[in-house]
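Protein chains: 2
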Amino acid sequence: MTITPSSPPSPREILTESLGQAARDIEATIDRLLPPAEGDESILIEAMRYAALGGGKRLRGYLVTEIARIFGADRNAALRVAASVEMLHAYSLVHDDLPAMDDDDLRRGQPSTHRKFDEAIAILAGDALQTRAFEILADRATHEDARIRIDLVTALAVASGAAGMVGGQVVDIRGEGKSLPLDQVKRLHAMKTGALIRYSAEAGAILGGADTAQRDAIIAYGRDIGTAFQVADDVLDATASAEELGKTAGKDEASGKSTYVSLLGIDGAREEAHRLSQQATQALTSFGTEAAALRALAQYIVERRN
Amino acid sequence: MTITPSSPPSPREILTESLGQAARDIEATIDRLLPPAEGDESILIEAMRYAALGGGKRLRGYLVTEIARIFGADRNAALRVAASVEMLHAYSLVHDDLPAMDDDDLRRGQPSTHRKFDEAIAILAGDALQTRAFEILADRATHEDARIRIDLVTALAVASGAAGMVGGQVVDIRGEGKSLPLDQVKRLHAMKTGALIRYSAEAGAILGGADTAQRDAIIAYGRDIGTAFQVADDVLDATASAEELGKTAGKDEASGKSTYVSLLGIDGAREEAHRLSQQATQALTSFGTEAAALRALAQYIVERRN
Numbered sequence: 000m001t002i003t004p005s006s007p008p009s010p011r012e013i014l015t016e017s018l019g020q021a022a023r024d025i026e027a028t029i030d031r032l033l034p035p036a037e038g039d040e041s042i043l044i045e046a047m048r049y050a051a052l053g054g055g056k057r058l059r060g061y062l063v064t065e066i067a068r069i070f071g072a073d074r075n076a077a078l079r080v081a082a083s084v085e086m087l088h089a090y091s092l093v094h095d096d097l098p099a100m101d102d103d104d105l106r107r108g109q110p111s112t113h114r115k116f117d118e119a120i121a122i123l124a125g126d127a128l129q130t131r132a133f134e135i136l137a138d139r140a141t142h143e144d145a146r147i148r149i150d151l152v153t154a155l156a157v158a159s160g161a162a163g164m165v166g167g168q169v170v171d172i173r174g175e176g177k178s179l180p181l182d183q184v185k186r187l188h189a190m191k192t193g194a195l196i197r198y199s200a201e202a203g204a205i206l207g208g209a210d211t212a213q214r215d216a217i218i219a220y221g222r223d224i225g226t227a228f229q230v231a232d233d234v235l236d237a238t239a240s241a242e243e244l245g246k247t248a249g250k251d252e253a254s255g256k257s258t259y260v261s262l263l264g265i266d267g268a269r270e271e272a273h274r275l276s277q278q279a280t281q282a283l284t285s286f287g288t289e290a291a292a293l294r295a296l297a298q299y300i301v302e303r304r305n
Numbered sequence: 000m001t002i003t004p005s006s007p008p009s010p011r012e013i014l015t016e017s018l019g020q021a022a023r024d025i026e027a028t029i030d031r032l033l034p035p036a037e038g039d040e041s042i043l044i045e046a047m048r049y050a051a052l053g054g055g056k057r058l059r060g061y062l063v064t065e066i067a068r069i070f071g072a073d074r075n076a077a078l079r080v081a082a083s084v085e086m087l088h089a090y091s092l093v094h095d096d097l098p099a100m101d102d103d104d105l106r107r108g109q110p111s112t113h114r115k116f117d118e119a120i121a122i123l124a125g126d127a128l129q130t131r132a133f134e135i136l137a138d139r140a141t142h143e144d145a146r147i148r149i150d151l152v153t154a155l156a157v158a159s160g161a162a163g164m165v166g167g168q169v170v171d172i173r174g175e176g177k178s179l180p181l182d183q184v185k186r187l188h189a190m191k192t193g194a195l196i197r198y199s200a201e202a203g204a205i206l207g208g209a210d211t212a213q214r215d216a217i218i219a220y221g222r223d224i225g226t227a228f229q230v231a232d233d234v235l236d237a238t239a240s241a242e243e244l245g246k247t248a249g250k251d252e253a254s255g256k257s258t259y260v261s262l263l264g265i266d267g268a269r270e271e272a273h274r275l276s277q278q279a280t281q282a283l284t285s286f287g288t289e290a291a292a293l294r295a296l297a298q299y300i301v302e303r304r305n
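So the protein lines, in turn, are chains A and B. Each residue of the first sequence is one higher than the one before, starting from 0 at the first, in numbering that gives the first Met the number 0. Each residue of the second sequence is one higher than the one before, starting from 0 at the first, in numbering that gives the first Met the number 0.
Since the hints were made in silico from the structure, they are not lab data. Bear in mind the structure is a predicted one, so any value in this text is a computation, not a measurement. Note that the Cβ used here is the ideal one computed from N, Cα and C, for glycine as well. Careful: at least some of the hints might be erroneous.
FRET-style restraints, in silico, Cβ to Cβ [claimed, not checked]:
#, chain 1, residue 1, chain 2, residue 2, range
1, A, Q183, B, K115, 24 to 30 Å
2, A, T288, B, P35, 43 to 49 Å
3, A, D102, B, K115, 20 to 26 Å
4, A, K115, B, D102, 45 to 51 Å
5, B, L52, A, D102, 29 to 35 Å
6, A, R11, B, P35, 44 to 50 Å
Based on the provided sequences and hints, a complete structural model is requested.
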């Protein structure tokens with residue numbers, strides 16, 4: 000048998016492999032941490048599972064597990080925190096899609112939770128996902144392993160991310176049809192999308208017992224890719240089709256929202272996304288080859304098509 | 000000056016005094032732990048403050064502080080946990096009142112949050128109150144004092160209460176117009192109202208470092224007064240006026256809900272409430288005079304007019 004010699008994997012291949020593995024592991028962890036749909040409240044659990052399972056890039060969860068890996072944290076503990084962060088993300092999407100908010104019928108190419116079930120169940124499923132996320136963080140089973148530093152500091156970081164998310168959504172829905180200046184749009188997204196991404200990165204660093212300088216570098220990286228992600232999202236909303244996105248496209252312009260695209264133009268927004276992506280990469284200089292996937296992620300985020 | 004000799008205070012007077020003091024202290028703590036309404040998201044904070052401040056008996060928070068006091072816990076730590084529990088209670092009321100749920104215009108004699116603001120703000124204010132509650136539990140500032148045993152176990156107890164609450168609400172709205180058997184109504188209320196009351200009592204015991212036997216007694220007490228509270232609520236809904244209640248009266252019958260009253264009759268429900276109240280009192284036997292207020296509370300809960 001002849002073994003074909005192959006070149007070492009490229010950073011993008013490393014990312015694809017570790018992102019895919021993380022997505023599968025996080026999915027399995029969420030599946031395990033959500034109860035099976037049975038009993039009088041089975042419809043609630045069914046809706047929680049519908050909203051939290053079966054989709055998404057798991058970007059926030061991946062940041063937790065990949066950064067935790069770099070600092071040598073236990074993978075099972077990191078997966079629990081990742082599952083918790085993804086449940087918080089899922090709850091925010093369920094509530095954002097509600098008729099009283101963005102009134103969106105599609106999410107990841109499927110009916111949004113209130114369309115699949117009903118509005119009351121969607122509100123309660125979102126509520127229950129948030130509760131379950133914090134319950135998982137508080138559960139002693141999470142830190143049976145003495146090496147694991149999942150504690151109140153991690154929970155606080157995650158809670159700060161969740162708090163920012165809600166504040167950002169308020170500014171967002173209040174800003175519809177109004178012309179917001181660039182600094183206000185930046186602040187809005189720093190809260191709405193940025194907070195949970197940044198704190199997911201920080202939670203990974205806390206789990207791994209990173210020192211202050213390392214933690215600051217990770218926070219800077221998380222902040223920049225969080226913003227880059229949102230700028231790229233605005234570009235996608237303006238340029239991609241609903242089929243590519245798996246959700247309604249062109250919504251920003253239709254609702255008269257101020258976005259990076261409306262403020263900077265498509266080319267200007269693309270440039271800004273790349274600038275942020277490079278800045279995020281620079282924050283990782285001290286981590287060497289260990290951070291290859293995180294660097295590739297910063298690039299992937301601004302080049303993705305959905 | 001002549002000092003009129005007075006008899007020692009009755010249990011009811013002790014309760015009135017300590018319940019009133021706790022309500023004032025909890026109110027002040029919530030006020031301090033919610034940010035002032037300013038900045039782009041001031042409307043959100045205004046709605047959070049509207050929903051969480053200025054009303055309510057603070058029964059859940061009182062259970063935390065009074066039980067923590069019996070076991071010698073630090074009052075400031077207990078007040079933070081009490082504020083957190085009351086924020087969770089407030090979030091659940093805001094969401095329960097929404098048009099897609101109970102569609103209630105009145106709460107504590109005032110417009111419900113979605114009537115005062117709008118539906119989107121009410122959903123987000125509820126979400127943010129839940130987040131803030133867990134953020135407070137996770138905040139290191141909570142346990143600067145080494146004597147304080149507020150940790151993940153407390154947070155987990157509170158989260159369990161919050162999780163039960165949502166499950167109960169689902170069974171409740173699904174049960175409207177249907178005839179449920181008594182055991183299902185019991186289970187529903189054990190979750191919807193009972194869980195947070197029971198776990199508030201347990202959180203007080205954990206904070207005070209109660210031993211297992213003491214903790215079990217407190218859990219039994221919390222479970223019984225939680226159920227007694229709900230049975231008495233059903234009686235009040237069937238017998239009191241909206242003015243007395245500060246919320247819409249007679250809603251259960253109008254919506255065809257199975258309640259303790261529809262299943263046991265008004266007299267039967269009153270008897271059941273008193274039986275549970277006595278059972279709760281018996282659970283406190285080993286605590287002696289220290290538990291005078293808790294005993295009076297068990298009685299007050301089934302005799303209150305609102």
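Cross-check of the supplied hints:
no. : hint                           : in the structure
1   : A/Q183 with B/K115: 24 to 30 Å : holds (26 Å)
2   : A/T288 with B/P35: 43 to 49 Å  : holds (48 Å)
3   : A/D102 with B/K115: 20 to 26 Å : holds (22 Å)
4   : A/K115 with B/D102: 45 to 51 Å : violated (22 Å)
5   : B/L52 with A/D102: 29 to 35 Å  : holds (31 Å)
6   : A/R11 with B/P35: 44 to 50 Å   : holds (47 Å)
When each numbered hint is compared with the structure, a violation occurs for hint 4 only.
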